[in-house]
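The listed protein sequences correspond, in order, to chains A and B. Each number in the working numbering corresponds to the 1-based position in the first sequence with 4 added. Each number in the working numbering corresponds to the 1-based position in the second sequence with 4 added.
It is worth saying that the hints were derived from the structure and are not from the lab. Treat the hints with care, as some may be off.
Note that the list lumps identical chains together, so a pair holds whenever it fits in one copy or between two copies.
[To be verified] Straight-line alpha carbon distances no greater than 25 Å define the calculated DSS-like cross-link-like pairs of lysine-lysine that follow:
1. Lys87 <-> Lys25
2. Lys87 <-> Lys105
3. Lys25 <-> Lys85
4. Lys87 <-> Lys41
5. Lys123 <-> Lys6
6. Lys85 <-> Lys105
There are 2 protein chains.
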Amino acid sequence: MKELEERIRRDGQVLAGGILKVDSFVNHQVDAALMDKCGQELARRFAGLGATKVLTAEISGIAPALTTALHLGIPVVYARKTKPITMPDQVYLTLAPSHTKGRMVELIISPEYLAHGEKVLIIDDFLASGATILGLVRLAQAAGAQVIGIGALIEKSFEGGREALTPLGIPVESLTSIVSMDENRITFAD
Amino acid sequence: MKELEERIRRDGQVLAGGILKVDSFVNHQVDAALMDKCGQELARRFAGLGATKVLTAEISGIAPALTTALHLGIPVVYARKTKPITMPDQVYLTLAPSHTKGRMVELIISPEYLAHGEKVLIIDDFLASGATILGLVRLAQAAGAQVIGIGALIEKSFEGGREALTPLGIPVESLTSIVSMDENRITFAD
Chain A
5 MKELEERIRR DGQVLAGGIL KVDSFVNHQV DAALMDKCGQ ELARRFAGLG
55 ATKVLTAEIS GIAPALTTAL HLGIPVVYAR KTKPITMPDQ VYLTLAPSHT
105 KGRMVELIIS PEYLAHGEKV LIIDDFLASG ATILGLVRLA QAAGAQVIGI
155 GALIEKSFEG GREALTPLGI PVESLTSIVS MDENRITFAD
Chain B
5 MKELEERIRR DGQVLAGGIL KVDSFVNHQV DAALMDKCGQ ELARRFAGLG
55 ATKVLTAEIS GIAPALTTAL HLGIPVVYAR KTKPITMPDQ VYLTLAPSHT
105 KGRMVELIIS PEYLAHGEKV LIIDDFLASG ATILGLVRLA QAAGAQVIGI
155 GALIEKSFEG GREALTPLGI PVESLTSIVS MDENRITFAD
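Next comes chain A alone, as it looks inside the complex (with noise of 0.2 Å):
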């Protein structure tokens, strides 16, 4: 997607570690015309496959996701990391590593908004080694319900994600793809 391309080129920084900073216009301060153009985008490749619910994670899977959702016409679940007090005793629950906390976070659905049978259209901001977003299969799967396809904002495509995911043989949609980047460049696929 031409116009996310050139917003990350613009306003995205590389830091230290592989950490690609998009805090000014997708993680922290939200640019919500271009999230509602990007949710857009993504209702619209995977339009047509009958998704019932648009999973993420909270914190920053949760705009794009709305805004998918919202073009789609469905509801979005997003698990939680903490579980609040207003959630059931008896959980899905898994673990997942975090690339900017570095350590395993919890990813936690209730069994209440997750139904067996449910076709799940997962959606999250990055695809980068995908352990985030199998997380969320694993806590689908468990819940019974069907994974139909997985949307990504930005794919760092050299950490992996995407061989991690296809052996689950559903459609990776990224809207943009990053194949390389340091201090001084972000090189994207064609």
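With chain A fixed as given, assemble chain B onto it according to the hints.
The following block gives chain B in isolation, referenced to the frame of chain A:
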């Protein structure tokens, strides 16, 4: 807002400790279409005040703040509760009590995204004691920004938040206002 009120009547659950559980459409699962309508209505109520940025707190403020920002055509900034590694060392930080966590939480904003002179509209899911919103007000003031209005999806008018915000002398709008609630009955203001 009638539609939100009806949804709270139908799907809201009053838990022990005065907690209103709206996890099926606001806090864990989000009804994207309803959230968009709420954002549209909040944008309508604050139109013409010249807001340059919507400000909220992660996590549950993100959805209504994003849709409000979308309809106002401005960006949204969400205060973080833990400082990510992408944030500079020097930040705006304040403490606010969390109703659902039963302890103080940090609210953190990077100076990169809240500038002197900005006109800030604060949006959150709940207006209860007003403590989180007052925390966001302090952050905006620390940045030299002007808070021009405060909006919430659900006000619990019996928890005193509106009175706590009155000294600010700015418009406070809630889409629904609950005057009393127990396990069997939720009563809204007329």
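Hint by hint, here is what the structure shows:
1. In this assembly of identical chains, Lys87 and Lys25 lie within 25 Å of each other by CA distance solely across copies; the values are 14 Å between and 28 Å within a copy.
2. For the identical chains of this complex, Lys87 and Lys105 are neighbours both inside a copy (18 Å) and across copies (10 Å), given an alpha-carbon limit of 25 Å.
3. In this assembly of identical chains, Lys25 and Lys85 lie within 25 Å of each other by CA distance both inside one copy and across copies; the values are 21 Å within and 18 Å between.
4. Proximity of Lys87 and Lys41 under a CA criterion of 25 Å is satisfied in neither setting, with 32 Å inside one chain copy and 28 Å between copies.
5. Neither within a single protomer nor between protomers do Lys123 and Lys6 lie at most 25 Å apart by alpha-carbon distance, with minima of 29 Å and 31 Å respectively.
6. In this homomeric assembly, Lys85 and Lys105 come within 25 Å of each other (Cα to Cα) both inside a single copy, at 12 Å, and across copies, at 13 Å.
When held up to the earlier numbered hints, the structure conflicts with 4 and 5 and fits the remainder.
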